Structure formats: structure tokens, C-alpha cells
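Protein chains in written order, with our numbering: chain A, 1 to 347; chain B, 1 to 352.
The hints are simulated quantities; they were obtained by calculation from the structure and are not laboratory data. Note that the coordinates shown come from a computational prediction; the quantities given were computed from them, not determined experimentally. Keep in mind that a hint or two might mislead.
Claimed, not checked - Under the rule of at most 25 Å between Cα atoms (straight-line distance), these lysine to any residue pairs were calculated in the SDA-like manner: (1) B:119 with A:104; (2) A:25 with A:77; (3) B:138 with A:171.
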Amino acid sequence: MRKIALITGINGQDGSYLTELLLEKGYDVHGIDRRSSQFNRGRIEDTRQEAQKRGQVFELYYGDISDFSSICRIFSNCKPTEIYNFASQSHVAISFEEPAHTTDVNANGVLRLLEAMRYFAVEGCRFYQASTSELFGNAPETPQNENSPFHPRSPYGVAKLYAYWIVKNYREHYGIHACNGILYNHESPRRGENFVTRKITYSLARIKAGRQDVLKLGNIDAQRDWGFAKEYIEVMWKMLQNEQADDYVIATGETHTVREFIEKASAIAGFDIEWEGKGVEEKGRDKKSGNIIVEIDPKFYRPEEKTILCGDASKAKRVLGWKPKTTFGQLVEMMMKADLELIDSGK
Amino acid sequence: MGKKKAIISGITGQDGSYLAELLLKKEYEVHGIIRRASTFNTKRVDHLYRDPHESGVNFFLHYGDMTDSSSMSRLIEKVKPDEIYNLAAQSHVKISFEVPEYTAETDALGTLRMLDAIKETGIKTRFYQASTSELYGKAREFPQTELTPFYPRSPYAVAKLYAFWIVVNYREAYNLYAGNGILFNHESPRRGENFVTRKITRAAVAIKEGVQDCLYVGNLDAKRDWGYAPDYVYAMWLMLQQDKPDDYVIATGETHTVREFIEKSFSHLGISIKWGGKGIEEKGIDKENGKVIVQVDPKYFRPTEVEHLIGDPSKACKELGWEPEVKFEQLVEIMTDADLEILKKKIANKKI
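With the rest of the complex left out, here is chain B (with noise of 0.2 Å):
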């Protein structure tokens, strides 16, 4: 048997950039979707980028979009990958109330017409699916489990809704091997910088630098089930390695505040925090200087809160043999040490 092929969308983004590297690791061809635009954005799979005229070129990349049915085909055709990794999407949920009908294009019909390629084209390929524990929103059990009702609770969400039906459906009608992965929040120093975590760790050491006074959040008290995303792309790839096609949860099974994050992030930069005041009134307080270095701004609370997300993933651990390496603490730590050495760069360089 020849070399594995996979096509991955998304492949700009955390998981893509990583599973990239887990896939051409383990000698697949690698072929990533990107979308055109007028700036540079392909700097997460830079490093793995080769002149295609070389030899032994494993790393491919090719303009396309979810939005456009032909494009999908066409590559489909064209690589006859083993497996498709759908990745691809209007991924920030605060975003999507702002361009809800974009959100669904890409995120609902994207994962369809993607879907009806593999279907129309006739090509024995795997399928995982991108899907989120933002499909629990307003939980109704805890922890969350495959069978745990799902209540969604912004755009993002009912076209992430959208899309895990559908794969389900072309699993059942066609026998396609399509899988949702349910993955609940997933970090690293990749981590887009207007995603919370990494907008603490970037603010934290910022703060430590001395190029930043203070840190602003919404929800201190919102809990958030924090895993290592290069853990994460691994349980996907396990996900098409079964005999089956299924849908697994994947998360760590804990939950810790964002204000925990917070103080964690600062204590290992050795600044140790004091809250004070309630509500939107609530700072945190350097212990050492006195110096307000986090404040709540309202602006980044969200329409309708998902309430306490944890999932189980009993499921996977058994099935696919998948654990979460990395917890929450060395999460924290990883992603504060990744910061501070770039802005340690940026600084040397004289970028700042």
C-alpha cells in the first residue's frame, strides 16, 4: 500500500497546523485547504511549507473555500485522499452573532457540500467533522456524554448543530465513514490571540514585561473544560483508525474558572494576584506593587452564557485507547512560557 493521503481544511488554523505535523509524522501526503486573501495567512504551517519542486515533497497546500461546492469536488478528485479532516470554520462564538448567515455557509452547508463531494465522487475516504461541546450551551446534565441532549446557544452553535446532524445522516443513509468528534475547549500557544486563554497568557506576560498595564476580561466565574489541542488531534486521528465510524467526546473531564487561569498564569510569572470588588466592579490586584492589573469590561460578556461545560470522555479513553496528557496546570504553563518567549524576542528585536 502506498503512502496515506488526508486532506485537512482548516489547515491554518491550531488543530490544522498541528495535525499537520502528526500526519506527516506518521509519512501521510498532507493536502490543506486555504482560503485567498490579500494578507498572509498561512503563518502557523509555514515551517512545514516546502518548495513543491523539490523531492520527497509531502506538503501541500491548495486555494479553495467551504462556500464553494466545485473547489471541493475538484480536490477530492484530484488527491483521492484516504482521509478528510473538516476542520474548517467560523470558529469564534461571539463572532457569529455579528455575521450569523457566514457562519452557517461555512460552518452548516460547508460540512454538507463537503459531504455530497465525498458522496457524488464516489472516493472510499474517512471523514471527521469538527464539532464542539458548544452544542451542550445550556447543559442539561454534567459532565456532558455522547448522549447527553444538546441545547446550542449562539449561530455558531446551531451550525455546528447543523453539521453534526448531517455527518450522523450521511453515516446512516449513504455508509459513508464520517465521525464528529465533540471537543470541548482546546488550547496551546497557537491558540488564536482573541480566544480567552491565550489573551491572558499574552496580557500576563505582557504585564510582567512591563509593556501592558492591565489585563480586561468578561466572565471571571466561567468555567471551562481545558485541554492541550495537540492532545486533541491525536484522539481525531484515532477517531479514523477504528473499524467503525462513531462520535466520541473528547475533553479532560475538569473544569476551572477563568479567574483560575488568570492567577495561574501570573504565579508562574511569579506575580501573585488579590481580588477585590464584585461584578463588573472586580479587580485583580499585583500583591506586590498594588497595581490594578485585571478589570472586568462588560463588552466581553456573551450574549447568553453557556453554562458549567465538562465533558466525559469515558468513550474515547476506552474505544480509541485516547487519554488527555497534558492537564490544566502544565496547559497554563506551556502557553505562558511560549508568550513570554516570543515578546522576549520581540523586545530583542526591538519590535516593541
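Chain A on its own, in the form it takes in the complex (with noise of 0.2 Å):
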């Protein structure tokens, strides 16, 4: 049987890397894309063109998961065998300042696709709901597993919670193919500007290049638990391949702070960083030219976190035979090097 895949949210981190690998996979690759007066495929554009020239399918479509006669219209067209929503709001600050929107995408969107799918998909289409670790939010335990409890400190950890029970209702009452992915952190020179590990690495490439001054940060003491995206990438796929319809905590098992995180790179980056000073008025001196190369802003802290969010994959290593391969050292050395390259290239 022809293998077709739908991805939506495919311009962002994951759904390029996973239109990368399915098609390496032989995969007609189907995406839906939202209009918008920018540009917004550059994670995809090179792919497309070569997936092009290689006669394979690769076809975007314009359509939003709020709009549910797109879905419709996009699932009749393009009939896909696994569908990978990987579409939402994703940034948790944001989802401060747009509340609805970010449920009408990030938890309606989710149950659209899942009623969309009752009626306009081909029999056995598997699903998979990007889930996320910010479901736990507060828990009460570390590291967490798929049995921990959830307690969600933002709208986009409560929508998120919404999508990841309405995925698990129509798995149970209409048997559906349908697998939530509990992924912790995952990052590469592809994560967004405004995610943290891709602040500081962007950032230092930019002071290093004598484009920016400083880089400014929340709490440099938060831990995450921080994965490499392509390796979170793999195990999606696997999720969809095994007999079972069942939801996996995806993470390493490590925790590490911004601190560490920033104390790599900044040595990648040929700085030599010193801290000095506490809480808000701490500041990292690069010592090699003596100037001040990290400050803090209050602006950027969240509501206070009781918890370290580390998740236990034991599970997925159990039953689909996965497990990170990447370091936390490797994955600061490959987001720094990719950014002092792109800096250096003139983007």
C-alpha cells in the first residue's frame, strides 16, 4: 500500500524534520500551510525542490486547523494514511497574551482533525497529536512518566491537556489509530528565534560577530530536560508503526540549566565567560574583551516552577525501541556552529 503522509504545521522545527525522513522513507509527503503576506516555508523550500526533481510527492495546501471545511477538502484530496498534527500555537509565553486563540488552535484544531477524520479518511489512518511536557506543568514527582499526573501552568499547557484527552476519548470510543507524544524540550539549529537554546546560540553569534551587545535572559537557573528535534522526529514515525495506538513520554532523562547551556556555547563561541553579581543584577563578563555579554531581564520569568520537568522514557525504549543518542554537549556544539556559520554567511 502506497504510504501517504499529512503534516500540518509543516514549516515549523518538526514538521520539516519529519518530512525530511519520510521521504527519505518513499512517503507521499502532504503538508498544510497557512497563508500569510511573509514567506514562511524556509524549513521546507530546498526539500521541496529536491523532493521535485526526484519525481517524489511533496504538495502543500493552503488551509488553518481552525477552518474545518480546509481539513475536509485537504483530506478527501490528498488521502493520507498517517496524519502528524504537529500544528499549534507552541509558545507558552504567548499563550498569555492570546488565551482563545491559542485553544481554538491547540485544542479545537486537535478535535477537528479527529472528527475530520471520522468521515473523510481512509479506513486504518493513523494519527499523531504532538503532546507536550508541559502537561505536567506542577507535578508532584520527578522524573515524570506516562503515569505521573498533570497540573498545566499556562493556556498552552491547559489547551495542550484538552487536545491530549480528546485524542485519548476517540482512541477509546471509536477506535481510532491515534497516539499522543509526550515530548520534553526538543531543539536544533532549526528551533525557533524565541525559544531560549536558539536565543542564546543566535544571540552569541551575533555579539560575537559584533551585531548585537548583549543577550538578555530570564532564569538562567531553570532546568530542562533538552533532546536533539531529528531523534523526537524518529520516534513520532515509530509510534505510528506499532500494532498498539498507545502515548509515550519522549525525553533524554537529563537536566540541565540555561546556565550550562549558556556556559557551552559561549566557549564554542570563543567567549570566556565569568559570572558576576546575583538574581536580577547578575551579569556573565566575556573576560577575553572585558565586556558584559548576558544580562537578566525579569521580563522574561515565568510564575514560579516547584518542579524540574524530567521525563522518563522508558516506555518508548521498551516497547519501540528508541532511545536519544545525542548529548546535551553535542546538541549545544551543533546549534552554536550552525549559527556562527549562518551569522558568518551574512543571513
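Taking the hints as your guide, dock the two standalone chains into a single complex.
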């Protein structure tokens, strides 16, 4: 049987890696693209041209998961055998600014996709939902696994919690093969520039090139479980190949602080960073030049975090045979080098 | 301090109407939100309504809708309420499988819109959210408390789960005075006619009076924790009178089966039932005349049944000083008597 994938959120970090993986595996790939007056296909445009040269199917459709009729039309047109839902307003802090929009897309959008599947998808079509460690929020236990209680802490987290449960409900009631991948932070050179990891590497590269003075951050002692996006994509695909649909925590099981990330990245960029001061007054100085390159801006503080989000992915290892390979140090190095090159190339 | 003001969404429902009565008795000025419809939908509160041109009127109705943010902001801005009770919802579990998106729009997003309207207008008001035992669904411990993990089993329950957490989030992130009342089933003579308890009492009196032959129900052995709605709206009010907002389970702590409800309602009317057959073939027979008066129709089975739901209201008892006054037997009697009276009036007026 021909394998046909439909990816929502195809222009995002994860969408672009998944596209590459599926094309490699010989899938037809279809993506949903929101119309915008600015070019937003930067992460997939090269891949698309190459796929077309090879004669592979890689189509994009205008649509929006807040528009039910567009979903139905696209399902009918491309008849996917696997659907990967990456579309979302994916920024936690912004969800406090636009909670209703975040809910419409991240919660109701998922419901619309599942409803459309019941009527317009081919028999046996499988569904992957991009769920998130933000469900755990203030979880009472560390590390978290698939049985840990949820306590979301943002409109983003609450909307994703709705999505998690509606997926589980459609699986249990209608027998749809639908999985939630509860992914912890996953980064790459393609991460959005307003996420902390990428903001660090991108800013340091700009500072190095003399195009920026200082990098401003919130709580640099916040800890995260950071993995490499490309490896997380492989496990999504594995979830949909498994006979039994289920939910999985995907994580490295290790946490590091933002401070460690900065230290490693700045060393690679050729800075020699030294910390001085405390709290909001803390600053990072480059010993070589004597310049202050890191400052704290309380504007980026999140509400107090009582819990460390650290995932226990042993179920994914046991059932799907998956385990992360890229270490924290390799991840930082990869991202820092990519941004140094990017800035160097004048972009 | 002037008169307290309250806004009630869903005022035309069972709980809204009892709450309006309670608040009027406590001398609140009560503002209800109603949805415009071409058919009359205010019969549960018509007895409270007076022409606003008269003096001393304390009860007002406004058009609005949970899907319309601006209507909410406008009303909050205009009334400047001390308390808001969000009882509006697509409240039928089974219908939520037919209209899942509308259910999410109203029950989930509607709650967010209201919280956001409070936050944006900056008006100091207390917020009550009508949460539900359906959050527990496939419950993982018995009885259920405020700490029991949730496992919603319908689009209704998933939407209400969103509402629960968005209330907690707005309380934690913005310090709003907002609390969830996790209410277990609560019934009354004003319960909607397509909810099982009311369906039973209406059918029982109709069978007693000879205007109906048989009652068709779904799962006879489904167990519920049924309380009396007026007791429960009192708990809602108590929740908003505390120093600190919090979430509370409101329940009786007892469960009974649909079968017991049927037996009790009929026996109150002097009819005793003998059961025969099994599963969907099971029938309830009037012992006296041998007629089949209860049958199972699988059409009423839920796509996924919720397990044995039984609430532990200890926290509400301890912190709010609340106790359920009307228990199961008395509840069935109240509902059966009320439906008997309605039916007798109809017969007397030759409406049947």
C-alpha cells in the first residue's frame, strides 16, 4: 500500500525534519500551510525542490486547523494513511497574551482533525498528536512518566491537555489509531529564535560578529530536559508503525540549566564567560574582551517553577526500541556552530 | 455596603433557577444571561421575573452567549458584579458526542472567555465554575476526592476538564478569586426531561395514571451519586463566601443504581416491580397486573460508560460547613410527587 502522510505545522522545526525523514522512507508527503503575507516556507523550501526533481510527491495546501471545511477538503484530496498534527500556537509565554486563539488551535483544532478523520480519512488512517511535557507543569513527582498526574501551568498547557484527552477519547470510543507523543523540549539549529536555546546560540553568534551587544534572559537557573529534535521525530514515526496505539513520554532523562547551556555555547563561540552579581543583577562578562554579554531581564521570568521537568522515556525504549543518542554537549555544539555559520554567511 | 450583585450564566437551567431564588432570598441583585431563541426558554425563572419598570426589581435578564466575548465583557462592565456563577454549558454527556465542537466552544472556551473578560475589565469579582464528577470518568479510586486523578470519557468531560484547569491557571497566574465546584449528579423536579432521573419519575407517574405503557432506559446497573440540586446551589454560594478560593467536591457520598431509582419511584406510587430476563432482554413487570412497564433500549447505552462515581465531600463539610440535607429516598419522593402533580394538572386541564 502506498504510504501517504499529511503533516500539519509542516513549516515548523519538527514538520521540516519529519518531511525529510518520510521522503527518505518513500512516503508521499502533503502539508498544510497557513497563508501569510510573508514567506514562511524557509525550513522546507529546499527539500521541496529536491523532492520534485526526484519526482517524489510533496504537496502543500493552504488550510488552517481552525477551519473545519479546509481540513475536510484536504483529507478528501490527499487521502492520507498517516496524519501528524504539529500545528499549534507553540509558545508558552505568548499563550498568556492570546489564550483564546491558543485554545482554538491547540485544543479545538485537534478535535476538528479527529472529527474530520471519522468521515473523510481512509479506513485505518493513523494519527499522531504533538503533546508536550507542559502537561505536567507543576507535577508533584520527578521524573515524570506516562502515569504521572498533570498540572498544566499556562493556557498553552491547558489547551494541550484538552488535546491529549480528546485524542485518548477518540481512540477509546471510535477505535481510531491515535497516539500522543508527550515530548520534552527538543531543539535543533531550526528551533525558533524566540525559544531560549536558539536565542542563546543565535545571540552569541551575533555578539561575536559585532551585530548585537548583549543577550537578555529570564531565570538562568531554570532546568530543562533538552533533546535533539531530529531523534524525536523518528520516534513519532515509530509510534504510528506500532500495531497498538498508545501514549509515550519522549525525553532524555537528563536536565541542565540555562546557565550550563550558555557556558558551553559561549566557550564554543570563543568567549570566556565569568559570572558576577546575584539575582536580577547577575551578569555574564567575557573575560577576553571585558564586555558584558549576558544580562537578566525579569520580563522573561515565568511563574515560579516548583518542579523540574525531566522525563522518563523507559516505555518508549521498551516498546518502541527508542533511545536518544545525541548528548547535551553535542546538541549545544551543533546549534552554536550552525548559528556561527549562519551569521558568518551574512543571513 | 450596597446590595450585592451577581451574574448567573445558564440561569434558565435547573441550577441557575435555584441559585437565582437563593440569591434573591439573600437580597442580591441578580442578573441572568439568556440565549436568544425563537421558542421560550425561560420557564424555570418566569416566576421570578417582574417588569423592570416596576420599582424594587432585583432580577434582570440579558441576552448573551458563551461564544460571544464582547457580550460578556459588556455585561460585566455594566453590572460590576460581586459574584459570577458560570453555569452555562452544553450539559448533556451523550449529546456531546453529536456536537463535540460546539460543546468545546461553550464549555471550554466559553469559560476562558469569561475569565478573560474578568481579567481584562479588572473588576473585582468572585467566580464560580460549574465543574463536574464527569472529570473522573473511568475513576481510578473510590470515593473520589479533590486529589483523585481525572480520566474524562466524553467530549463533554474533556471540555469541562479544560475549564477546570483554566480556572486553576487564572487563579494561580492572575490571583483571580475563582473556584471549581466538582458537583456530582444533582437532581430535582426541574431536572431536564432527558436526564435519567427525571425521565424515570415522569414515566412512572404517567404509567401510574395510565397515559403511558412502558419506560425505556439504558444501563439499569449504572451507579450514581445523586443529590438534591437546591442543596448543591447552596454549596456554590458558600464557596464564594470563603476568604480564599478553592476547588471542592460536592456529593452525597452514597451511590444507588438506576434500578433502585426506578423501584423507589414506582413503589412510592404503590407499584412494585419484579425483574425478569437478563441484559438487554431484562424487563420490569408490575407485580400486580403482570404488565411490562420497564424495558432496556441499547440506544441509551453510553458509548463508554463511566465507572462507579461516588464523591467524598469531606473537604466541603469541613471547610464550608456544608452537608447534603436531602438523601436518595427523599429525593426520589420529591421528584415523583412533583411530576405526579404536574401530570394531574394536565389531565384536569384536558391537556392529555
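Verification of the hints:
no.: 1; hint: B:119 with A:104; verdict: holds, 19 Å
no.: 2; hint: A:25 with A:77; verdict: holds, 22 Å
no.: 3; hint: B:138 with A:171; verdict: holds, 15 Å
The structure shown violates none of the earlier numbered hints.
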